[in-house]
Amino acid sequence: MKKLINNPEEVVLEELQGIELAHPDLVKVHFDPDFIVRADAPVKGKVGLVSGGGSGHEPMHGGFVGMGMLDAACPGAVFTSPTPDQMLEATKAVDGGAGVLHIVKNYTGDIMNFEMAADLAKAEGIEIESVVVDDDVAVKDSLYTAGRRGVGLTVLMEKLVGAAAEEGRSLKEVADLARKINSQGRSMGMALTSCTVPHAGKPTFDLPEDEMEIGIGIHGEPGRTRMKVKPADEVTEMLLNPVIEDLPFESGDEVLLFVNSMGGTPLIELYIVYRKAVEMLEAKGIKVVRNLIGPYITSLEMAGASITMLKMDDDLIKLWDAPVKTAGMRWGV
Amino acid sequence: MAVTKKDVLEWIKAFAQVIAENKEYLTELDAQIGDADHGANMDRGFRAVLDKLPEGEDADIGKILKTVGMTLLSKVGGAGGPLYSTIFMQAGMSIDGKDSFDLADWAKALEAATAGVVRLGKASPGDKTMVDALTPAVQALKDATEQGLSLGEGLKKSAEAAEEGMIATIPLVARKGRASYLGERSAGHQDPGATSTFMLLDTAAKVWANCS
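Chains as they are written, first to last, in my numbering: chain A, 1 to 333; chain B, 334 to 545.
Misleading hints may appear alongside valid ones.
What the hints assert, rightly or not - In silico lysine-lysine, DSSO-like type, Cα no more than 27 Å apart, as pairs:
1) A:122 - B:396
2) B:455 - A:140
3) A:318 - A:284
4) A:311 - A:3
5) B:431 - B:489
6) A:3 - B:489
7) A:287 - A:276
8) B:489 - A:122
9) A:140 - A:311
10) A:92 - B:385
11) B:356 - A:2
12) A:202 - A:180
13) A:202 - B:356
14) A:318 - A:230
Simulated from the structure, these hints should not be mistaken for lab results.
Computed from a predicted structure; not experimentally measured.
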């Protein structure tokens, strides 16, 4: 393992210390229990947005705390859901009297811990709504699995719902919006290399030099199928077609197209994927009205990419364009 | 024959040791079908447990077990945190207020713990989870109680049943947790949660073998 770290046990702690030093204008970092909170929290009368999850997906979620996006983020150990005490304290810290929305990615651990935290917060008199993100079409959504994973759509949801909360919409309106976004967005990812969890010390899975994994998750979970590496255009087809077919996205739809790096894949390659994806969508009469390209929901140093599509409307476009000021996403300010 | 407060503390300390020794092994199993963190998470949780174990005179068995459960809940995270927390919380509530317990008490406690895990994780036997080690272990304890076996013999039978359940997870296709994303590809790998559960019950059988 070759990593720029000091001690595998301290990676999250030292990362948080760095964030605290880097962004005092945007966030405050609370230690033990660990959470990152907007510098001006709680914002009176505004719905508070709390998310969280295992670390290793930076900038998600901590990098999305700030004006126009999340009010707080709870980082767990690398690839491990945070604990209910973190979520409860973060919830209390952002409650401005209008209730708090929990944005939860659909993983067994995240669901269990957030459910417990929501119960504890309700017991303390805070109004809570929870929304689960499950956009990964690589996983069959059936009774026989834990259900589709929450991946790229989480980033878009946090931006859009954050803008709606900033506008002063109610807890119910914000939660309904989040559920609508979940119902009309889909993703799929692939990996060219594995990633190495610091405390594991070696790659999570072996992927030969000439092979790739299609349908990968964001935790180094092996994907749907493994095959020889193909040119970018063919890989883009393998990712985008299942996304289009699943919803399905249809001719006349306006979409936000998000091409994400898993951490190790550079922008030059993401733009190659984006170019092919737009060409495919145009051929189907689907119009890309907004985009996001870059590393926003990563899997440590894994090389690979994911594609997320979200069906847009005038309200969502307005919310997307609204000002946002966080470490990981910033425009309009 | 009964398990005392001192024996319970010894069991927890011994299990923390077993986890520390098997940290890499559990993580390796998890890397095959999950996300390579089970060993590290359990080890972090049980190191925190060792710091917080109430050893004072006023702590009864129920309080000790509940303290373990609360500590795991706040230190482990993932799915393993709430699930292992539930095992200790439910067992602690079942044995609450007692200074010692016998085989029948332990059978009831583990049954309550298993019911808690099933409720929280929504898993059934055969889903390739901890439940596959817990369920046969509870049955073995109940059978042993009915047959009037000694504490040591009953615990040994429950550990053996848990081990069989653990091994039986190998060919299964996972239907819960992160391994379920793999579908058919999860078959052929032993479930890490069932493995650490076997270790927990095996440690109890070994540490409490000669309780008198």
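Status of each hint after checking the structure:
no., hint, in the structure
1, A:122 - B:396, "26 Å, holds"
2, B:455 - A:140, "18 Å, holds"
3, A:318 - A:284, "25 Å, holds"
4, A:311 - A:3, "39 Å, violated"
5, B:431 - B:489, "23 Å, holds"
6, A:3 - B:489, "45 Å, violated"
7, A:287 - A:276, "14 Å, holds"
8, B:489 - A:122, "43 Å, violated"
9, A:140 - A:311, "21 Å, holds"
10, A:92 - B:385, "26 Å, holds"
11, B:356 - A:2, "21 Å, holds"
12, A:202 - A:180, "40 Å, violated"
13, A:202 - B:356, "14 Å, holds"
14, A:318 - A:230, "38 Å, violated"
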